[in-house]
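Visitor: Next come the chains, spelled out residue by residue.
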Amino acid sequence: MKTDALQQPVGELRPEGAAGVERGRRRLWGTLTLVSMPVLLAMALVYAPEDANQGAAQRIFYIHVPSAWIGFLAFAVVFVGSIAFLATGKRRWDDIAASSAEIGVIFTTAVLVTGPLWGRPVWGVYWTWDPRLTSFLMLWLIYLSYIVLRGYVPEPIRRAKFAAVLGIVGFLDVPIVYLSARWWRSEHPTQFVVESGDLPMQMLITLLVGVATFTFFYLYLMAVRLRVGRLRARVEEAEVSR
Amino acid sequence: MSILAPALTIAGKDLRLEMKTRDVVASVGLFVLLVVVTASFAFPTGGEGREGIAAGVLWMAFLFAALLGMGRSMAIEKEDACLEGLLVSPAPREAVFLGKLLTNLGFTFAVELVILPLFVILLQLEPAGGALLLVLSAFLGTLGLVTVGTLFAAMAVNTRGREAILPLLVMPVSIPVMVAAVKVSEAGFAGTWTASTTSWLLLMVGYDALFLLVALATFQHVTEE
Numbered sequence: 001m002k003t004d005a006l007q008q009p010v011g012e013l014r015p016e017g018a019a020g021v022e023r024g025r026r027r028l029w030g031t032l033t034l035v036s037m038p039v040l041l042a043m044a045l046v047y048a049p050e051d052a053n054q055g056a057a058q059r060i061f062y063i064h065v066p067s068a069w070i071g072f073l074a075f076a077v078v079f080v081g082s083i084a085f086l087a088t089g090k091r092r093w094d095d096i097a098a099s100s101a102e103i104g105v106i107f108t109t110a111v112l113v114t115g116p117l118w119g120r121p122v123w124g125v126y127w128t129w130d131p132r133l134t135s136f137l138m139l140w141l142i143y144l145s146y147i148v149l150r151g152y153v154p155e156p157i158r159r160a161k162f163a164a165v166l167g168i169v170g171f172l173d174v175p176i177v178y179l180s181a182r183w184w185r186s187e188h189p190t191q192f193v194v195e196s197g198d199l200p201m202q203m204l205i206t207l208l209v210g211v212a213t214f215t216f217f218y219l220y221l222m223a224v225r226l227r228v229g230r231l232r233a234r235v236e237e238a239e240v241s242r
Numbered sequence: 001m002s003i004l005a006p007a008l009t010i011a012g013k014d015l016r017l018e019m020k021t022r023d024v025v026a027s028v029g030l031f032v033l034l035v036v037v038t039a040s041f042a043f044p045t046g047g048e049g050r051e052g053i054a055a056g057v058l059w060m061a062f063l064f065a066a067l068l069g070m071g072r073s074m075a076i077e078k079e080d081a082c083l084e085g086l087l088v089s090p091a092p093r094e095a096v097f098l099g100k101l102l103t104n105l106g107f108t109f110a111v112e113l114v115i116l117p118l119f120v121i122l123l124q125l126e127p128a129g130g131a132l133l134l135v136l137s138a139f140l141g142t143l144g145l146v147t148v149g150t151l152f153a154a155m156a157v158n159t160r161g162r163e164a165i166l167p168l169l170v171m172p173v174s175i176p177v178m179v180a181a182v183k184v185s186e187a188g189f190a191g192t193w194t195a196s197t198t199s200w201l202l203l204m205v206g207y208d209a210l211f212l213l214v215a216l217a218t219f220q221h222v223t224e225e
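Protein chains in written order, with my numbering: chain C, 1 to 242; chain F, 1 to 225.
Just chain C, same shape as in the assembly (with noise of 0.2 angstroms):
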């Protein structure tokens, strides 16, 4: 690996210009989550038709599911951030990686409350070993301990490198993870899991504005976070050399 390559400054060196095309990025995001965010909650409520079985509670369907699909979004980002990382030796894949675990463990978060939240009124229990929430459940812990991880080396190269192996480890786990989940439900009776096969157009058309807005706000969150990440940097330079 090229030490040079690590030991370059964060803050500095960096094109005239970059910053503000990052600005703009933030805005873009930004802007578009905010327009598509009532937009989404209007259909949710309004738009999509209320489901036959389930009633109102289906809707929380248009969080739950997108918060998923951004969960494993983030962990596959920070797959390839840790690769390219090794790869590298750029800390700019690190602090991609690194800022992807967090929003990541944040959607997973969510993929935990408002599962519970939608099975008790449908299931009659807030949890149920199914084994899509047991394998977020083991997601959320995996990512968890790579946050703490990262709390507990201080030297920023090692850091990187430590967490670069565990964000490696942790994603190739993931289909063996599923595929423990699914056959060890399947010795174990739980509830029936309602399965939605085919969903009616408006459901679907629903469903997909609200992946494309979790991804608009997953991108805005990331372009923040990496500019957090970038001034801490400068922060740090800047003690050093004072």
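Derived from the structure by calculation, the hints contain no laboratory data. Using N, Cα and C, we set each Cβ at its ideal position, and we do this for glycine too. Careful, some of the hints might be misleading.
[As the list claims (entries may be wrong)] Just a sample of chain F residues kept apart from chain C, beta carbon distances all over 10 angstroms, derived:
| no. | residue |
| --- | --- |
| 1 | 20 |
| 2 | 23 |
| 3 | 39 |
| 4 | 41 |
| 5 | 49 |
| 6 | 91 |
| 7 | 122 |
| 8 | 124 |
| 9 | 127 |
| 10 | 131 |
| 11 | 169 |
| 12 | 179 |
| 13 | 200 |
| 14 | 216 |
[What the hints assert, rightly or not] The calculated DMTMM-like cross-link candidates involving lysine to aspartate or glutamate, where the alpha carbons are at most 25 angstroms apart (straight line), are:
| no. | chain 1 | residue 1 | chain 2 | residue 2 |
| --- | --- | --- | --- | --- |
| 15 | F | 78 | F | 18 |
| 16 | F | 78 | C | 155 |
| 17 | C | 90 | F | 224 |
Once you have looked at the hints, place chain F on chain C.
Guide: Chain F in isolation, oriented as in the chain C frame:
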């Protein structure tokens, strides 16, 4: 330079050190025995479905054995900069990893070898037809735990939390292999080998192979300065 020879040298060094001090196997073995005895009081260990409870308790004990042993074996390397010595030696990084993996496997298997028969007697189990399954689950499950654990132990000793953080790293990632090992052990205690038992065995083989490769590929990154 080949990988196996230096790996065996490193594992041999740890074995000789252990023969002289009896540090790890004695303390870990006693601890695990205490876990088993305490669990025998805490859980209903007779009657219907006791194989399932026994398998769960057994793997909690094995998990503790592996975690403690790996933490110790890496902490030893931190004393007097032994790890730095290993890393500047001509042995390739993969060999250092394999050496520590062999050491950790040796420690954990040694403890398991003592605990398993005692466990069967204490919990009045009769795994007549399932001995092979028990051995397979112990081998594959421990291999998976220790592969991930050896990689993470090299990270953990270089954090502020030292060995304390090792369980936090190992446990979430190793849930699938733990579930599989418990399932196969349960089948072993009951003496019934079904189709799902084979699936669980294959899941462990896949887990072990995947993370062995990942650990070999990434170990250099957690040890270089």
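Visitor: State for each hint whether it applies.
Guide: Do the hints match the structure? See the list:
| no. | hint | verdict |
| --- | --- | --- |
| 1 | 20 | holds (32 angstroms) |
| 2 | 23 | holds (25 angstroms) |
| 3 | 39 | holds (21 angstroms) |
| 4 | 41 | holds (26 angstroms) |
| 5 | 49 | holds (12 angstroms) |
| 6 | 91 | holds (19 angstroms) |
| 7 | 122 | holds (26 angstroms) |
| 8 | 124 | holds (24 angstroms) |
| 9 | 127 | holds (19 angstroms) |
| 10 | 131 | holds (23 angstroms) |
| 11 | 169 | violated (6 angstroms) |
| 12 | 179 | violated (5 angstroms) |
| 13 | 200 | violated (7 angstroms) |
| 14 | 216 | holds (12 angstroms) |
| 15 | F:78 <-> F:18 | holds (16 angstroms) |
| 16 | F:78 <-> C:155 | holds (18 angstroms) |
| 17 | C:90 <-> F:224 | holds (16 angstroms) |
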